[in-house]
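> What follows is each chain in one-letter form.
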Amino acid sequence: MAELKIISVVMAAGASTRMRSPLSKLLHPLLGYSIIERAWNQASFISSDVCMIIGHQRDEIKKSLEAYWQASGHLEGKKCLWVVQDPPLGTGDALKKALSVLEKESDEAQVFIMGGDAVLLRPTTLKDFFQNHFQTKSVLSFLSAHFQPNNSYGRVVRDSQGNVQKIVEAKNASPEQLQITEINAGFYLCSLGLLREAISKITANAKTAEFYLTDAIEYARGQNLLVTAAVLMDATESLGINNQEDLFMARRVLQNRINQRWMIEGVRMDDPSSTWIDEAVEIDVPAHLEMGVQLRGHTKIQSGVRVGSYSIVEDSVLAADSVIEAFSHLKQAQVGAESQVGPFARLRAGTNLAEKVKIGNFVEVKKSSFARGAKANHLSYIGDTQIGEDSNIGAGTITCNYDGYDKHKTLIGKNVFIGSNSSLVAPVELGDGAVVGAGSVITANLPAHSLGLARSDQKVLNEGGKKFREKRQKSSKFES
Amino acid sequence: MAELKIISVVMAAGASTRMRSPLSKLLHPLLGYSIIERAWNQASFISSDVCMIIGHQRDEIKKSLEAYWQASGHLEGKKCLWVVQDPPLGTGDALKKALSVLEKESDEAQVFIMGGDAVLLRPTTLKDFFQNHFQTKSVLSFLSAHFQPNNSYGRVVRDSQGNVQKIVEAKNASPEQLQITEINAGFYLCSLGLLREAISKITANAKTAEFYLTDAIEYARGQNLLVTAAVLMDATESLGINNQEDLFMARRVLQNRINQRWMIEGVRMDDPSSTWIDEAVEIDVPAHLEMGVQLRGHTKIQSGVRVGSYSIVEDSVLAADSVIEAFSHLKQAQVGAESQVGPFARLRAGTNLAEKVKIGNFVEVKKSSFARGAKANHLSYIGDTQIGEDSNIGAGTITCNYDGYDKHKTLIGKNVFIGSNSSLVAPVELGDGAVVGAGSVITANLPAHSLGLARSDQKVLNEGGKKFREKRQKSSKFES
Amino acid sequence: MAELKIISVVMAAGASTRMRSPLSKLLHPLLGYSIIERAWNQASFISSDVCMIIGHQRDEIKKSLEAYWQASGHLEGKKCLWVVQDPPLGTGDALKKALSVLEKESDEAQVFIMGGDAVLLRPTTLKDFFQNHFQTKSVLSFLSAHFQPNNSYGRVVRDSQGNVQKIVEAKNASPEQLQITEINAGFYLCSLGLLREAISKITANAKTAEFYLTDAIEYARGQNLLVTAAVLMDATESLGINNQEDLFMARRVLQNRINQRWMIEGVRMDDPSSTWIDEAVEIDVPAHLEMGVQLRGHTKIQSGVRVGSYSIVEDSVLAADSVIEAFSHLKQAQVGAESQVGPFARLRAGTNLAEKVKIGNFVEVKKSSFARGAKANHLSYIGDTQIGEDSNIGAGTITCNYDGYDKHKTLIGKNVFIGSNSSLVAPVELGDGAVVGAGSVITANLPAHSLGLARSDQKVLNEGGKKFREKRQKSSKFES
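Residue numbers (this note's numbering), protein chains in the order written: chain A, 15 to 494; chain B, 15 to 494; chain C, 15 to 494.
Chain A on its own, in the form it takes in the complex (with noise of 0.2 Å):
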C-alpha cells in the first residue's frame, strides 16, 4: 500500500450557463484564487497527477492555471494531463475519455474524482476520507452529508446493516426515498480496475446504455465488493458553484474560516462579518481590523497594525506599528514602521513609504517614495517623486508630472518645507533644506538651503471688496 498511487480527475468541461457570464465559472475569483486553481490545488493535495477534464473556455483555463503555476510554483512535482471533451455528454463520458490516457497506469491505481467547482473541501477531510479508504479496504468510497429532505441531490440507500447499496437520483427516487437526508456530495475515490470493469461492463449490456459514475457503486455492490459513504461533519463542504448566489455562498464559508482562524491567532476584528480577507494575505500579531476592512491579494501585515474601518488594502505591505486610518485605498503600496496613513489616503502602485511617514487626508500618491520621517498631510497629489528624511509637503501641493505627453519626476531632499498650494513643475530637483513660499509653481531646480517664490505680491484695493459686492449685486442674476 506504501507505493499506492493516486490519480485524481476533475471535471472542468461544463458550460456554467448558469452563471450567467461570459467568464467561465471556473475562472470567477474566490478569495484571491480562482475556483480553477482552487480545483486545483484540491485535487493535487494528495495526489500528484491531476486529469483535468475541460471543454469550455478550455484555452482560456489552460492559459489561467498555466500562469498560476509559474507564478506559485505549485505545479513542482506533479502532473496535469488535459482532457478535452468536447461536447460535453456528462461525467460518465468524461470519465472514459480520463481513461483513456491513463491506460498505462495499473489497475491498482486509485482515481479520486471531483467536480471542479466543488473546492471548500477542507484538507483534513480529504486526508480523513482517503484514510478511511484504504483502512475499510472499501474499492469505492464516497462523501455524503446530510441535507433537509427538500433538495434534488442523490439519495444514499443503506441496507438494514448500514452498507451503502446505492444511491438513487432525486428524479428516480421513491417517496420513501426522498426522506433520505444522506445524499451524495459527489466526490469519489476507487480503484482503477474497478472503474474500468465497471465502465466496461455497464456500457457493453445495450448499445445505448450510458454509463453514470454512480452506477459503478450498484455495480461494485452486486460483486459484493465494499462500497463506503464517509459523512461529511459540515454539509459546506460539499457545495458545488453553479451560480452567482453559489459563488456568494462560497465566498462566505472561505471567509467564515479564514477569519476564524486570524481570530484564533490573535487578530483582533471588530466585525469579521464585514472584513474581507483573501486567502494569500499574511498578519503578524496583534493586529487590529476595524469594521469592513478589505485585506486583498498578497498583502503582508506586520505586528501591532492597525487598519481603519472601510480601508482596502490590496497587494501591499504594512510593517510594524503603522497605522491605516479609514476610508483609505492601498494598491501594491509599501508603509514603513509607525508610519500613519489616512483617512481618506491613495497610495497607488509604486508608493513607498519609510518609517514613520505620514500620509494626510486627500492625498494621493504614485510611484513615489517618502523617506523616514516625511509628511504630506492635506490635499496633495504625489507623482514619480522622491522625497527626502523629514521633508515637508504643505497642503495642496501638487507635483505636476504630465505635460500631456510624458511624465517626469520630482525630486526633493531631506528637511525640505514646502508651503501650501504650491506646484512643482517637473522635471524639476529641490536641493536639501529648501524652502518654497506657499503658493509658488516652482518650474526651476532650487539650490539646497535655498528659498523659493514664485507668486506676486499682494496688493489691497481698499473698499475694493465692497465695490466688487457693489457690482456683482447688480448684474446678478439669481441669488444661490
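Treat each hint with caution, since some may be false.
One copy or two, it doesn't matter: identical chains are merged, so the pair holds either way.
[Claimed, not checked] Lysine to any residue pairs mimicking SDA-like chemistry, simulated, CA-CA at most 25 Å apart:
no., residue 1, residue 2
1, K473, A462
2, K92, P300
3, K488, S214
4, K488, N55
5, K180, S78
6, K92, L45
7, K141, D335
8, K389, P441
9, K389, K421
10, K389, R362
11, K485, A462
12, K110, Q472
13, K389, H422
14, K428, E403
15, K389, K423
16, K380, M247
17, K428, Y416
18, K485, D420
19, K77, Q316
20, K485, Q354
Hints listed in this document are in silico derivations from the structure and should not be mistaken for laboratory results.
Fit chains B and C to the supplied structure of chain A, relying on the hints for placement.
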C-alpha cells in the same frame, strides 16, 4: 365567475405611534417606495377598485399617493376610493365605513382586506390565495402562517377534520390554544354579501357590541359556510410594520428577495448582505457589485459594469463597461460607456460623462459635461462646465463658478490641457487646443491653440531657506 | 434581610494568553467601555463592596479602573478591595485570598462571584437572580444555561425532583452526564459563612486537596442545604471572553441589545447589523442612521439628525436637524443645528460649527470655528481658524497655519468671500466683508471691505499652445 369584481380595502388610518416619528409610518421609505405606495401596489395587483381608509396624516398620505400615481402611471385603469376614519376606532369600524361607499356594489363582489403596513406579500402568493378562494368556493378565506408559540397573534382554531372554526385572539386564548402555532396573518378575502350580513347581525345583537373582522369567521361557520385558511409557506410575508425594528426587518426581507433575484439573473455580488439595491433599479448582466455597494432610486446599469466597494449610486445611469471605483458618490449622474470614475469621486446632479471619460480621486463634478476621452484625474472641482473631447484637466484645478452672487459657466474646447493647480474664473472660454500653465489664474478667454499663463516668475534666494529656518527657529514657541 | 450585605468578588487575575495580545483581555474595549470597566459596573450593580482579584497586568488594570472612576464618578458610594493573586493558581485559591480581606465581614454577608471576563449579564437578570436567591432562602445560588451537548462546560446534575445535586466538569462527566444540556454559567451567590466552612472543610480533608468553587455546591448539599440554579433565558448572557472570537461575539451580543433599544426608541436604522453604536452614545428621536454608520465614544445626537452611510462620528455633538452626509469622519467636533457636513468631510478635534454651516466634500477642518451660515464647500484645509458669519471659503482654499515650526492663527470676519485656490498664510486677519481674488496668496492682513489680490496678470501667447505641443511631441519618450 368570469365577471367577478374584487375590491380591496386597505386599513391605513392608524396613528403609528410606535414608530416614534413625526412622519406616518406609511410614508416611510422601503427600498425606493414608501409603505403606502407598496400597499397600493399590493392592493391593486388583482383588484381595480381600492378603498383606502385613512385618518392620521391623511392629507400627506393622499398627496404622496397622488404624486406617485402621476410619476408612475399606476392609477391607470384603477380607482381609488378615499374613506376617512377619524378617530381610528379599529378595523371593524373602518370596514363599516368602507361598506358605506360600496353600497352600489353587488353582494357577489369579493372584498380583499389588508393592513396598510403589511406589504410583503409576493404577487404569486396573492394569486394563489385568490385562486384557492374561488376554487374551494369559500365565502371567506384568510392567510395564516406558522410561528413560534410565544407570540401575540390570533390563533387559528381548526376542528378535528382540519376545518377552520375560528380565530382566537392571544389574550382570550386558553393555554392549549396558545400552543397552536398557526396564526392569523391578517389578510382576508370574502364576499361583500357575507360582510354586510355579518356586520348587521353581529352589531344588532347588543347595543355595545363592537364588530371585529375575525367575528365574520365565526358568523360564517355558524351559517355552515366554508372558511379557508391558506398557510403562507414563508411566514415573513405576513410581517406588519409597527416600529423601526419592523421597518428594518421588512427591508431585509425585501432586500434578500431583490438581491437573490439579481444574483440568479447573473449579477455578481461580493456580499449581498451589505448590498443595497432599490426595487426600481435595473441591471444588465454581467455586472459586478463589490462589498457595501448601494444602488438607489431609478439607477440603470448596463452590461459589463463594475461598482467598487462602498460606492453609492443614486438615480444615475452607468453605461456599458464603465467602472466606478470604491468610495464614489453619484447622484443624478450619467456615466458613459467605458468611462472610469473614482475612487473617492463625487458626481453630483447634472454630471454627464461621454465615453471613455476618466474622473479620478477627490474630484467633484456638478452640472458639467465631459466629452469623449476627457479627463480630470485628481483633486478638482468642476462646476457648470463643458469640456471637449480629449481635454485634460490637471490636478488641483478649480472652476471658480461662483462669485458670491451668481454661478457662471466655463467652456473648454477639445484637446485643451490645463496645468495643475489652475483656477478658471468663470465666465470664461478656452478654445480648442489651448494650454494653461500650471498654477495660473485664468480670468479672460483663451483663443484656440494659445498658451495662457498667469503666474509669477520664480525667484530663488540662495540661503533663503536657511535664513527662514533660523528666523523661525528663534521665534518658535513650540515644535509641533 | 433588610440589612444584608452583598460583596462581589471579581476574578480578574488570569493571564489571558488565548487573546494573543500584549494587552490584557480585560483592557480590551467593548463598545466604549473596557471589559474590566464593564466587570466593575456589573459587580457593583447591587453590591457596594467589590473585591477585585488581580494578577496579570495588575498595575495597568488598577490604573485603568482608577481613571474610569475619576472620569465617570462610578466609585462613589462604593468600595474596591484590591487583592493580588500571583501566580494565578485558580479560582479556589483566588477565593481564599479574597476571604482573607473579608475577615471582619459577618457570616451572613452574601458573596457574588463572577469572572472578570463575563460581563454580559443584563441588570434585570442580576436583580432576578438575587431576588430568587433570597426568596428561596438558598445558601448558594448559581446561574445556569442550556447549551448544545457538544460543549466543554460543567454539567448541572439534578436529582429526580429537579434539585441541584452538583456540577460535574465536562472532563469528569459520564457519557450520560455529557448529554445534560444545562451547564454552569459561572456566576455564584452564597453566604460568606458557607464559603468559609466549605473551604476549611474541603482543604482539610487532604494535604493535596485543591478547592474548586463548584465543590461548595456538593458540600452544601452534603449538609442538606438548599442550592438553586437559576436558568438564564438568554444563554448569551453567560459568555466569557477568552479569545478574539469571544470578544467579537460579546460585541455582537451587546450591539444587538443597544441597536434594538434605539430602534424601539424610534431611531431609524437602515441596517442595524452594520451600525456601530457605543454604549454611552445619546440619541434624540427622530434620527436616521444610514448603512454602516459608526457612533463612538460620548457622541450626542439631537433630534432630526441624519447620518449618512459609512460615516464615523466619535465624541462629537450633532445638533438638531443637522445632516452628516456619507463618508464623513468626525472626531471631537461640534456641529450646529441645521448644519450640513460632507460627503467626504473630515472634522477633527476642536471643530466648532454654529448653525446652518456647510462643510462640503474633501474639506478638512481642525481647531477652527465657523459662525452661523459660513461655508467651505470644496477641497479645503481650514486649521486654527476663526470664520465669521456668512463667510464663504472658496474651493481649494488652504490656511497655511504651519511654517515648519509653529502653528499660527487665521481670523476671518463676517461676510468675507475667499476666491478659489487661495492660500491664507497665517498669522493673518481678514476684516469683515473683505474679498480675496481667486488664486491669491494672502500674506498680510486685509482691512474690512477691502479686496486682496496676489496673483499675476494673465499673459496669452497666441499659438503658444500649439508650439508647446509640437515641442513636447518631439521630445516625448512615451505616450501615457
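> Each hint: holds or not?
Hint check:
1. K473 x A462: Answer is between: at 14 Å across copies they meet the 25 Å cutoff, but 31 Å inside does not.
2. K92 x P300: Neither: 37 Å inside a copy, 35 Å across copies.
3. K488 x S214: Answer is neither: 98 Å inside a copy and 73 Å across each miss the 25 Å cutoff.
4. K488 x N55: Classified as neither; 75 Å inside a copy, 52 Å across copies.
5. K180 x S78: neither (38 Å within a copy, 62 Å between copies)
6. K92 x L45: within (24 Å within a copy, 51 Å between copies)
7. K141 x D335: neither (39 Å within a copy, 44 Å between copies)
8. K389 x P441: Answer is both: 21 Å inside a copy and 22 Å across each meet the 25 Å cutoff.
9. K389 x K421: Close inside one copy (23 Å) and across copies (16 Å); limit 25 Å.
10. K389 x R362: both (17 Å within a copy, 18 Å between copies)
11. K485 x A462: Answer is between; shortest inter-copy Cα gap is 17 Å, intra-copy 47 Å.
12. K110 x Q472: Classified as neither; 87 Å inside a copy, 79 Å across copies.
13. K389 x H422: both (21 Å within a copy, 19 Å between copies)
14. K428 x E403: This pair counts as within: shortest intra-copy Cα distance 5 Å, inter-copy 41 Å.
15. K389 x K423: This pair counts as both: shortest intra-copy Cα distance 18 Å, inter-copy 21 Å.
16. K380 x M247: Answer is neither: 49 Å inside a copy and 56 Å across each miss the 25 Å cutoff.
17. K428 x Y416: both (24 Å within a copy, 18 Å between copies)
18. K485 x D420: So K485 and D420 pass the 25 Å test across copies only (12 Å; inside, 44 Å).
19. K77 x Q316: neither (34 Å within a copy, 29 Å between copies)
20. K485 x Q354: Neither: 48 Å inside a chain and 30 Å across chains, both beyond 25 Å.
The structure shown violates the earlier hints numbered 2, 3, 4, 5, 7, 12, 16, 19, 20.
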